[in-house]
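Chemist: Here is what each chain is made of, one letter per residue.
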Amino acid sequence: MQAIKETLNARRLLCPLPVIRTQDKVKQLKPGDLLEVICTDPGVMHDIPAWCRINGHTVLETSSGNHEYIITIRVGE
Amino acid sequence: MSKQRKAVALISGGLDSMLAAKVIMEQGIHVEGINFFTGFCVEGHTHAIREHNSSKPNRNNALWVAEQLGIKLHIVDVIEEYKKVLINPRHGYGTHMNPCLDCKIFMVNKAKQWIVENDFDFIITGEVIGQRPMSQTKSKMPIVSKQSGADDLLLRPMCAKNLPATLPEIEGWVDREKLYSITGRSRKPQMEMAKEFGIEDYSQPAGGCCFLTDKFYSAKLVDLWKAQGSKDYELDDIMLLKVGRHIRPKPHFKLIIAREEGEGRFLQGYKKEFISLHCSSHPGPLALIDGELSAEDIYFSARVVARYGQGRDAEQVDITVTEKDGSDRVIQVKPFAKEEVPNEWHV
Ligand code: SF4
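Which chain is which? The protein sequence lines are A and B, in order.
Under this note's numbering, think of the first position of the first sequence as 1, with each following residue one higher.
Under this note's numbering, think of the first position of the second sequence as 78, with each following residue one higher.
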């Protein structure tokens, strides 16, 4: 499995801030890079995948536990 | 071949901006969406915090609209810049603390900057003449165009036929004949349009796009400014105004008491910034205290907090007081009776 390039700590931020931070982080990455985003707002499970779909990025994995939500994204072209 | 023209659409998540974007897309224009996050937007927050709202669709409407339209959406954090709009609006406030006209001018101005930076041709909004009393009257439309600096690059497809032609119309990038002339508060024309475009699911926010049109939220904001003696705020302040019961027994301090578990968990995240109280002998909510308190004030606050827990009828309950550094102590108090917490304390 490809290594995670960056981890974004979006804990305690409420939507849409985790999406905005993800968007800004993705801008600094290259196509194909993997970004892991760690959040506490359950809304991200909806919003980050939606944001990825409309902007051409791929959600590789989502997981949750202990009131945290982790989303791994592959940056698109 | 003529140049592919590009427009950026202000997407709020409501039906009007969705339709406006659709109308322009139908004319072969490349459209992308832009959404501004002021910190007060209704999107997301309360459903994220409060568990009992989870029956509502747990989605960000602006993102959802963009996905339905098949366009990109750029969400822009304007929290800092928005402060000057809200603190000192040139055109004043609406019914509550909503500075709608200044807000529109601000957002269109940001969109103007965006199109210059991203090489887009014009801006579209879902504004409809007469839809909202403050910002969407016919006389206000040119004010927004002018003071935002967008001038004739701002096209409102929903009511364009009632307004002077803009550059995209004059240049023939869009066909003015295919634009609309909707006026008034009725939602019927929009619903018909939605039907024509095959749009079945959409959100219709009742008041406006943000918490500032909410009476109760506005009252809490005014209370905050009054208590701190200035009209400033940080993001955490305005987030906390959305959560819990706010009780101000004395001018120099306020209690924020969780109403349910989701709010309690959210408030937990602020325990390093505020002294917190919770009942340790009976089930009860977490409360934060905002202000500088004497020992007597803390004792007094503990009695208020006890009132909202299951020990409210007990002779005495244990309240744990946790300092910002995490150290804690337990005090015994008699919960206040209902009539001892007057309505006027509720912000
Ligand atoms: S309702 Fe809020 S976001 Fe919408 S225009 Fe008014 S102040 Fe701005």
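It should be emphasised that the hints constitute simulated quantities derived from the structure, not laboratory data.
As the structure is a prediction and not an experimental result, all values here were calculated from the model.
Cβ coordinates follow ideal geometry from the N, Cα and C atoms, glycine included.
There could be a bad hint or two in this list.
[Stated by the list, open to error] Sample of chain A residues facing chain B (criterion: CB under 10 Å; computed from the structure):
#	residue
1	3
2	4
3	7
4	12
5	21
6	23
7	25
8	28
9	29
10	31
11	32
12	36
13	51
Chemist: Look at each hint and say if it fits the structure.
Modeler: Against the structure, the hints come out as follows:
no.: 1; hint: 3; result: 28 Å, violated
no.: 2; hint: 4; result: 24 Å, violated
no.: 3; hint: 7; result: 20 Å, violated
no.: 4; hint: 12; result: 5 Å, holds
no.: 5; hint: 21; result: 9 Å, holds
no.: 6; hint: 23; result: 6 Å, holds
no.: 7; hint: 25; result: 13 Å, violated
no.: 8; hint: 28; result: 15 Å, violated
no.: 9; hint: 29; result: 17 Å, violated
no.: 10; hint: 31; result: 16 Å, violated
no.: 11; hint: 32; result: 20 Å, violated
no.: 12; hint: 36; result: 20 Å, violated
no.: 13; hint: 51; result: 6 Å, holds
Taken one by one, the earlier hints fail for this structure at numbers 1, 2, 3, 7, 8, 9, 10, 11, 12, listed in ascending order.
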